Amino acid sequence: MTLRRVSYFEASARARVAGLMDPGSVLEWCPPQQRHSSPHLALLDAPVAFDDGVMVGSARLDGMPLLFAAQEGRFNGGAVGEVHGAKICGLLRRALRERPRAVLLLVDSGGVRLHEANAGLIAISEIMRGVLAAQAAGIPVIALIGGSCGAFGGMGIVSRLCDALIMSEEGRLGLSGPEVIETVQGVEEFDSRDRALVWRVTGGKLRRALGEASDLVGDDVGAFRAATLAALARPSEVRDLERLLANQQALETRRQHFAEARDGLEIWRACGFAEPEAVPMLAVDDFNRQLAAGQAGGSI
Amino acid sequence: MEKFNLEFDSPPSPVGVRSTLCGVVSSGNLEVLVEAGEPSHVCRVEVNTSAVGFRDIWQAVLADFAASHAAGGLSLAINDAGATPAVVGLRLAQAFETSTGGPT
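So the protein lines, in turn, are chains A and B.
Residue numbers for the first sequence follow the numbering used here, so the first one is 309 and each next one is one higher.
Residue numbers for the second sequence follow the numbering used here, so the first one is 3 and each next one is one higher.
If you're looking for bench data, these hints aren't it; they were derived computationally from the structure.
Keep in mind that this is a model prediction, so the values were computed, not measured.
Take these hints with a grain of salt, some might be off.
[Claimed, not checked] Pair ranges (Cβ atoms, derived):
hint, chain 1, residue 1, chain 2, residue 2, range
1, A, W337, B, P41, 30 to 40 Å
2, A, S456, B, P16, 27 to 37 Å
3, B, P16, A, Q342, 18 to 28 Å
4, A, D353, B, I59, 19 to 29 Å
5, B, L92, A, A569, 21 to 31 Å
All C-beta atoms in this analysis are idealised placements derived from N, C-alpha and C, irrespective of residue type, glycine included.
Just need the whole structure built from these sequences, with the hints factored in.
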């Protein structure tokens, strides 16, 4: 299938779903016509959205039945409130009953919605439990990150629980966002206005180099679709205790190895990139090729 | 927030209107939910806007939309976060086109 290139970054959540899934296959649950808006935002006299910033439903991808949730980053930064979280949580629970081929999470979120933070935090923990329950039932959960808000806070954790994590360079992944780090630790620790630094530290290329993202794709809805299909063709990682302990050990080793690193540049150098300064400008294919070559050459 | 309901006479919309949501509630933007309504020569609009005190301008922009489109029998619901009149006009035209399957 050849498709006109559609920027994943620029597209709305609804446009991403329309571009990713098989045409005519999307069935939305709790659609905007049902007006499941946030009661908390209304109480605070703030604007609400008819879908509370997330679209959930079922669809087909190359004929395979999937469930999906797509967060709209432009509504309150894709932040998770009570209704928003309940829709994603309900989707994951329904997956246990419907047993789709996979659940896709189109993450575009700064984390918990501060207007309704307690409800949002509970929702995040329920979503995490829902992801683990789906995986335990043999249903892979795949995160797609390529929107303007990236995946931060609780949604960053949720993304890292997933079986595959597909990112574009424009996508970002982290726990505390750049402005939070600067506010808490000072501008010497992290200058959130230095956009190049922010992307070198949280962006898709660094996350792929560290192995946190399983795939790096171009900013194109069609590329995300192709990578999702490729991820579904791979066997999911077995998550027994032995594997979890090995992952924990690998994280500890990585933390020690990069203890002095202050920038993505140092990590790219350690990954075997000959010209770390040129990495931000590398096309995705060249980046993936050089990363694979560095890994084959024994670099971390 | 300010909420109000407005009604405008408008020629009956084409048959087979699809309920659609257009736009996103973000700063300077709005979402428009189009649904089938009654009666067939009236366009009903429910506005929920963060910009208080602009009802007269909404009235003018929506009247212009209802006059230039066959929007009778449509029910529009709007969540607005301070969109300018030009953005509102374009979003309404987009919502109309998407829900009726093409420009008129």
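Here is what the structure says about each hint:
no.	hint	result
1	A/W337 <-> B/P41: 30 to 40 Å	holds (31 Å)
2	A/S456 <-> B/P16: 27 to 37 Å	holds (36 Å)
3	B/P16 <-> A/Q342: 18 to 28 Å	holds (25 Å)
4	A/D353 <-> B/I59: 19 to 29 Å	holds (20 Å)
5	B/L92 <-> A/A569: 21 to 31 Å	violated (47 Å)
Of the numbered hints stated above, the single one contradicted by the structure is hint 5.
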